[in-house]
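Q: Guided by the hints, dock chain B onto chain A, whose structure is given.
The listed protein sequences correspond, in order, to chains A and B.
In this text, residue positions in the first sequence follow this note's numbering: the first is 40, and each later residue adds one.
In this text, residue positions in the second sequence follow this note's numbering: the first is 18, and each later residue adds one.
Derived by calculation from the structure, the hints in this document are not laboratory data.
All residues carry an ideal CB built from backbone N, CA and C; glycine is no exception.
Some clues are possibly wrong.
As the list claims (entries may be wrong) - Partial list, derived from the structure: chain B residues whose beta carbon lies under 10 Å from chain A:
id : residue
1  : Thr22
2  : Cys26
3  : His62
4  : Arg64
5  : Lys65
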Amino acid sequence: MTRHYSALSVLKEGMCGQKGWAQAWRSPQPAKRYAVVIIGGGGQGLATAYYLAKTHGVKRIAVIERGWLGGGNTGRNTTAIRSNYYYPESTELYDLSLRLYETLGRDLNYNIMLSQRGMMQIVSSPGEMEMAARQVNAMQLNGVQAELLDRAEVQRRVPIYNYAPDARYPVYGAIFQARAGIARHDAVAWGYARAADALGVDIIQQCEVQGFVVEGGRCVGVQTSRGEIRADRVGMAVAGSSGVMAEKAGFRLPITSYTLQACVSEPVKPIFDTVLVSPMTGAYVSQSDKGEMVIGGGLDRVPSYGQRGNLPQLETVLSGVLEMFPIFRQLRLLRQWGGTVDVTPDSSPIFGESPLPGLYINGGWGTGGFKAIPAGGTLFAHILASGGHHPISAPFDLNRFRTGHLLDEAAGAGIAH
Amino acid sequence: MQLFTCPFCGPRPETEFHFGGDAGNARPGAEASAIDWTDYLFFRHNRKGVAREIWMHMSCREAFLMERDTVTHAVTATHALGSEA
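The following block holds chain A by itself, in its conformation from the complex (with noise of 0.2 Å):
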């Protein structure tokens, strides 16, 4: 059977009709009992599962998933990957998954599709452009490279964009970190899902977590639709389902879950070649390799854990979007969906112990987990391992909640949800 994915194997396999191809993974029974047991078969999970068992050698290890792999979050954001952020906990944490991300392909031997082709952030007055020279100051100080662009570079990069005189929100430059860009994002879940399995990992689907096994005030177990299954350690990550989880293992979480919606139009040639934002119109767009343009935005603002956007969000987006690129006015929507999203207080991070002791927590991830995927497996897979905290997980701990050292990235990323 050919497991090794290259030109050659495809080019062996189109030989003989493509019938040796290896399974991508197993679908193995649970056993009763593993070392590690990660509940949510996200990128996260998988990745937590790939690292734990690649860096740590760690044997016996379960990732259980309720629905399928990459289901939720994973297979629902608009693939966006960036660095652009603040504080420098913030920048350890998501230029270690940017630069994780650059060799991923070849580590995983699982074409992620990277195109690292920029994201452009939009300035649209003399104040934000101080803002944006403060921003990029910043970036530069942690070590990530970003520039700050004047309207007419902005111009000569996205001519389509809307640069009218009587445009709303007019364009006075823009901050640029040439880095960011896009992968495929079921391609990410399946890399290390095929990964994790050829190092031994049991990922096991259609698999419901129902409740906790507690023996002496400490987790040593899940209950679930395919019966108890044991660990010395249980792992969540679980995104917008963290509350739920939560709820059965009897604490609450600084967590919040809303709907973050996105659509995709109908394919066209190749027009736009960034990923590009604008805090003022509240949307971002990039072009797929299909051709459809990817439009995200804000959150829905009612709480939620229904999987579909309201239609109030989705208005302001689009009318955000044509505000940004009249030329999309002719172009038509082709789907349209929603996924449920951990919000915290202050847009980072949850990881580490929870307060039940033996579970641990890899979540709060609110809008954007897709970009994070790398690093927060790497991280978690250290806390999983060592059953303490990663420098650079430290200051994402639940315990910021209690101290009061909170991380608001809320103004230093992107859209303010």
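A: Coordinates of chain B only, in the frame set by chain A:
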């Protein structure tokens, strides 16, 4: 567009309303411990399914209690606040 029923103004578009958190999340007294204060400020039930929440109708500036389902978005009741805010 979903309509929420303000107990004072009747059915109004959802965009006129602002989410205010869990019902029953009472503000602790000045002598409260740091744990109680941070529980009040940051920690949420975030229930999936039936939830009891405080909302504000931004047009009339009145806060009220809404019972709704966070999966189906169906609103079962809205009440003027009694002692439970």
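Q: The structure should be examined with respect to each hint, and the outcome stated for every one.
A: Now the hints, each set against the structure:
The restraint placing Thr22 of chain B at the interface with chain A is violated, with a minimum CB-CB distance near 14 Å, outside the 10 Å limit. Among the interface hints, the one on Cys26 of chain B is violated; its C-beta lies about 18 Å from the nearest C-beta in chain A, farther than the 10 Å criterion. Interface hint at His62 of chain B: satisfied, since its Cβ lies 6 Å from the closest Cβ of chain A, which is below the 10 Å cut-off. The closest approach between the C-beta of Arg64 of chain B and any C-beta of chain A is roughly 7 Å, which is under the 10 Å cut-off, so the hint is satisfied.
Checking Lys65 of chain B against chain A: minimum C-beta separation of about 5 Å stays under 10 Å; hint holds.
When each numbered hint is compared with the structure, violations occur for hints 1, 2.
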